[in-house]
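A.B. asks: So you can see what is in the structure, the chains are spelled out below.
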Amino acid sequence: AQKVTQAQTEISVVEKEDVTLDCVYETRDTTYYLFWYKQPPSGELVFLIRRNSFDEQNEISGRYSWNFQKSTSSFNFTITASQVVDSAVYFCALSEEAAKAGGGADGLTFGKGTHLIIQP
Amino acid sequence: DTEVTQTPKHLVMGMTNKKSLKCEQHMGHRAMYWYKQKAKKPPELMFVYSYEKLSINESVPSRFSPECPNSSLLNLHLHALQPEDSALYLCASSQEYGQGNQPQHFGDGTRLSIL
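Going line by line, the protein sequences match chains A and B. Position 112 (the first sequence) corresponds to 113 in the working numbering; numbering is contiguous. Position 82 (the second sequence) corresponds to 201 in the working numbering; numbering is contiguous.
Here chain A stands alone, though its shape is the one from the complex (with noise of 0.2 Å):
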């Protein structure tokens, strides 16, 4: 069974600090994908990023940067010089293959989310 495991139930950080959320992650199939979500006091889910089990290359997009490490089952999630407007529930999550995915569609598992606050 696939498990996402995100440690930090809550972070609280002021504005222009750096803040990266843990994501930790169990699976046995060798062919998996991770995303990151963002859900703002709005309530809706905002896709961030996915990343592919054989691609481990990190990636960086303006202030938001990925850590995908294989060896540690780990997708960290860093935000550099953060905003008030990163406030927000950050959910990571684990879809594996649909031919050997349980449960739900895709196999789309979330973790419990961390609540980043950013005060001014």
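It should be emphasised that the hints constitute simulated quantities derived from the structure, not laboratory data. Being a predicted model, the structure only gives us computed values, none of them experimental.
DSS-like mimics (lysine-lysine), calculated; alpha carbons at most 25 Å apart, straight line:
#1 B:K141 with B:K157
#2 A:K4 with B:K157
#3 A:K71 with A:K4
#4 B:K157 with A:K113
#5 A:K39 with B:K128
#6 B:K128 with A:K113
Guided by the hints, dock chain B onto chain A, whose structure is given.
C.D. replies: Chain B in isolation, oriented as in the chain A frame:
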């Protein structure tokens, strides 16, 4: 702005009422999903439609009845709900069902309160 539109944004209903939640997407996606999200919890999958046919029902009580009139629309009919059904209901879509690499795109959700 989200490409998945949900209406209404807020809904308050009594336990004997009948209401419907609506979801619409025009991205040409063939898979659509309903999720339920309680406060401070991750979304929980309820239903999946693929090519307008129900593919997944995650043991959801019959007081929730999904409907997919066409590839762009997804409804969730509500009847005789319980107070514990109060939650944020999220609709999502993806290009295809059954391919784990495709991200799901979510709407803003409907905040449902059962009196």
